[in-house]
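Enquirer: Both chains are given apart, each in its own frame, so use the hints to dock them into the complex.
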Amino acid sequence: MILIDLFITFLIIGISAFGGGYAVMPLIQNYIVDSRHWITMNELADITSLSQMTPGPIMINAATFVGIKVGGNIGGLIATLGSVLPSFILVLVLGYLFAKHGNLHFIQNIMKGLRPTIVGLIAVAALTLFITSILISSPEGSIIGVEFTALVSFIVALIISMKTKYDTLVIVLIGAIIGAISYFIQMF
Amino acid sequence: MKKPSYLELAWSFFKINMVTFGGGYAIMPIIKKTYVDEKSYLTENDMLDIIALAQSIPGAMAINTSMLVGYKLRGVMGAFVSLIGAFLPPLLVISVVYVFYELFQTNLLIQSILLGMRGAVSAVMIYSAFNMFKSLLKTNRNFSLILMTIAFLVGWFTNISVGYIMLVAGIIGFLYFGYIRNWVQS
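Protein chains in written order, with numbering that gives the first Met the number 0: chain H, 0 to 187; chain W, 0 to 185.
Pulled out of the complex, with its shape left as it was, chain W reads as follows (with noise of 0.2 Å):
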């Protein structure tokens, strides 16, 4: 498997999270558009693994995801300079709109850039979510379709928190694969 070097890892982390807006799981298809897609560093699984460990640990999903796979791909060193590159953007971009508080609030020319970026980004998102949803149905397809339906319309219309949505989930996959299957094909 190919591997990226440690400026690699940092300089990735650290166009992706200057970039993206709404945060959480809105990062998760650009970091698997440059190390999925573009790179071939990790494959679909790898992934959603990452994004599931991301999710039980506490923080924030995007340094949390970023630090994954750098440790994935580079070890304890990987992980380190993944969270110097996730986590630089925010700490710096905050710092200066600190100094330009009010002018950062009431400028409308920032105002406008800023929204030009967000419709930029929730193209690559969704365009990127697509492809996910592609290369999820071409194993156990019926299974996983129903699975990321429920998820989808729980995810919309209920307040219901992450954590207890990917654990039941985890429960249906234990259950399903482990027991339920082949007790029907039996």
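Same shape as in the complex, but just chain H (with noise of 0.2 Å):
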């Protein structure tokens, strides 16, 4: 039955997913597009490109893409369901084994040497989205514009961020409603 293969596939897929992220795509690829035939390789980079403009991890959005085409709706829960199952169960287990043993000595210095360089890998993921949204690139990779929509929401964003506590979705919020006027000004 297709909605048991649909969460047995991104069971598979959900276990395998070490590293998130677009290191995941391999895997779709491999089980979703190669054996399985759910859907093609063009569709696949539709995904991936849809990924980039919606919020989101790019395995959950391609889960449920990939169950509401095979199954409908009720599909798309299944196979995105059976995605973060697997985590869902690690998560238990890591999370009482830290908090039983997180203490010990040894434990703690890994730590020690793990915190600095999250906050570097975080500064990379900053940098990237910065640029990626805010900066516009020739496909050589050069940087030839800015995109001024984003960057005037970035500036006021930042200037909220500063002064005030308000909650991240306001602000967002805020960057829509800068994006709908841009809009409406281009257009006239």
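If you are wondering where the hints come from, they were derived from the structure by calculation, not from laboratory data.
Where hints are given, some of them may not hold.
[Claimed, not checked] For lysine to any residue, the following SDA-like pairs were computed, each having C-alpha atoms within a straight-line distance of at most 20 Å:
{"no.": "1", "chain 1": "H", "residue 1": "K164", "chain 2": "W", "residue 2": "W10"}
{"no.": "2", "chain 1": "W", "residue 1": "K2", "chain 2": "H", "residue 2": "Y95"}
{"no.": "3", "chain 1": "W", "residue 1": "K14", "chain 2": "H", "residue 2": "Y165"}
{"no.": "4", "chain 1": "H", "residue 1": "K162", "chain 2": "W", "residue 2": "E37"}
{"no.": "5", "chain 1": "H", "residue 1": "K164", "chain 2": "W", "residue 2": "K133"}
{"no.": "6", "chain 1": "H", "residue 1": "K68", "chain 2": "H", "residue 2": "Y95"}
{"no.": "7", "chain 1": "H", "residue 1": "K68", "chain 2": "W", "residue 2": "V95"}
{"no.": "8", "chain 1": "H", "residue 1": "K164", "chain 2": "W", "residue 2": "Y40"}
{"no.": "9", "chain 1": "W", "residue 1": "K38", "chain 2": "H", "residue 2": "M161"}
{"no.": "10", "chain 1": "H", "residue 1": "K164", "chain 2": "W", "residue 2": "M17"}
{"no.": "11", "chain 1": "H", "residue 1": "K68", "chain 2": "H", "residue 2": "L10"}
{"no.": "12", "chain 1": "H", "residue 1": "K68", "chain 2": "W", "residue 2": "E101"}
{"no.": "13", "chain 1": "W", "residue 1": "K38", "chain 2": "H", "residue 2": "T163"}
{"no.": "14", "chain 1": "H", "residue 1": "K99", "chain 2": "W", "residue 2": "L87"}
{"no.": "15", "chain 1": "W", "residue 1": "K137", "chain 2": "H", "residue 2": "Q107"}
{"no.": "16", "chain 1": "W", "residue 1": "K14", "chain 2": "W", "residue 2": "Q104"}
{"no.": "17", "chain 1": "H", "residue 1": "K164", "chain 2": "W", "residue 2": "F129"}
{"no.": "18", "chain 1": "H", "residue 1": "K68", "chain 2": "W", "residue 2": "L91"}
{"no.": "19", "chain 1": "W", "residue 1": "K133", "chain 2": "H", "residue 2": "T163"}
{"no.": "20", "chain 1": "H", "residue 1": "K68", "chain 2": "W", "residue 2": "L87"}
{"no.": "21", "chain 1": "H", "residue 1": "K68", "chain 2": "W", "residue 2": "Q104"}
{"no.": "22", "chain 1": "H", "residue 1": "K68", "chain 2": "H", "residue 2": "F105"}
{"no.": "23", "chain 1": "W", "residue 1": "K14", "chain 2": "H", "residue 2": "Q51"}
{"no.": "24", "chain 1": "H", "residue 1": "K164", "chain 2": "W", "residue 2": "S39"}
{"no.": "25", "chain 1": "W", "residue 1": "K38", "chain 2": "H", "residue 2": "L10"}
{"no.": "26", "chain 1": "H", "residue 1": "K68", "chain 2": "H", "residue 2": "K99"}
{"no.": "27", "chain 1": "W", "residue 1": "K137", "chain 2": "H", "residue 2": "N108"}
Predicted, not measured: the structure shown is a model, and the values here were computed from it.
Expert: Okay, structure coming up:
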């Protein structure tokens, strides 16, 4: 039955998806495009570009998209649940072990090495999102312009973040309004 | 320590996952902003430990981190409600996008709104990441600064998988704080 097949396939992808992000794409290609033929390579490329535009992890986006296509709305739900079940179980196991043994001396030493590394990697992610959102690059990778809509909302949001404690959702909605205003200014 | 209700957990992760573009590490400063800076449910170090654990579990970083925060604050049910909150936004968004697929890819108003949202999220992220950087320097200043710089350079200029970078960093921490520092001081 197709729903069970969907669930199990995305369960396997969920177990194998170490590293997250685009690391999951070859797995999806392997299981969904090549062996199950649920979507074509072109549709996979579309999912990738949609994932860049919409919020949410690419694995969840892909699971929902493929699930809906193969099994309707219920299929989307089943595929998504399958993809997150392995990490849910592992979170419980690892969270329990860390709560119990996390204070051990050698684990704390390991953590002291991991913490600065994580902040360094977050800086990479922050800078990458900044560049891909605000600067326009040529296909060769050199910078050829500035996306003014994104730049304006970046500056406004930065000032709000520094001066207030507004919820992130509110700040992003202000960004959305700036985007809408920018569209109407360009139209007329 | 203060603890959030189940509803607060689910709703906060719904909001966070609704607005976060860029995936993976991009979402971390946003979660930290809510749980460390605004509500003080977690300490800075709690947050970084949770991110390290999330990295060692397969699956999406954003979902793993949401669940681990839920587990840390409210146990198994906390992890479960955080999972629901975290995966509903992409599920809903993609379900809608699936129907309006053509429109979504070509409509200039939607494109412009998404651009505005991305710009705003980048700002929140960069500001929050900068705060993480500042508070990290309060302890083991030189060690942290060096390791962070190396991690940034390796992450920026190479394609080495994050898992390997973290593995090496863990070994460095283990050796430095367990053995080398005492040996140097004695």
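Enquirer: For each hint, tell me whether it holds in the structure or not.
Expert: Results of checking the hints against the structure:
no.: 1; hint: H:K164 to W:W10; verdict: 18 Å, holds
no.: 2; hint: W:K2 to H:Y95; verdict: 18 Å, holds
no.: 3; hint: W:K14 to H:Y165; verdict: 13 Å, holds
no.: 4; hint: H:K162 to W:E37; verdict: 13 Å, holds
no.: 5; hint: H:K164 to W:K133; verdict: 18 Å, holds
no.: 6; hint: H:K68 to H:Y95; verdict: 37 Å, violated
no.: 7; hint: H:K68 to W:V95; verdict: 13 Å, holds
no.: 8; hint: H:K164 to W:Y40; verdict: 16 Å, holds
no.: 9; hint: W:K38 to H:M161; verdict: 17 Å, holds
no.: 10; hint: H:K164 to W:M17; verdict: 19 Å, holds
no.: 11; hint: H:K68 to H:L10; verdict: 18 Å, holds
no.: 12; hint: H:K68 to W:E101; verdict: 15 Å, holds
no.: 13; hint: W:K38 to H:T163; verdict: 14 Å, holds
no.: 14; hint: H:K99 to W:L87; verdict: 31 Å, violated
no.: 15; hint: W:K137 to H:Q107; verdict: 17 Å, holds
no.: 16; hint: W:K14 to W:Q104; verdict: 24 Å, violated
no.: 17; hint: H:K164 to W:F129; verdict: 16 Å, holds
no.: 18; hint: H:K68 to W:L91; verdict: 15 Å, holds
no.: 19; hint: W:K133 to H:T163; verdict: 19 Å, holds
no.: 20; hint: H:K68 to W:L87; verdict: 18 Å, holds
no.: 21; hint: H:K68 to W:Q104; verdict: 18 Å, holds
no.: 22; hint: H:K68 to H:F105; verdict: 48 Å, violated
no.: 23; hint: W:K14 to H:Q51; verdict: 18 Å, holds
no.: 24; hint: H:K164 to W:S39; verdict: 13 Å, holds
no.: 25; hint: W:K38 to H:L10; verdict: 34 Å, violated
no.: 26; hint: H:K68 to H:K99; verdict: 43 Å, violated
no.: 27; hint: W:K137 to H:N108; verdict: 17 Å, holds
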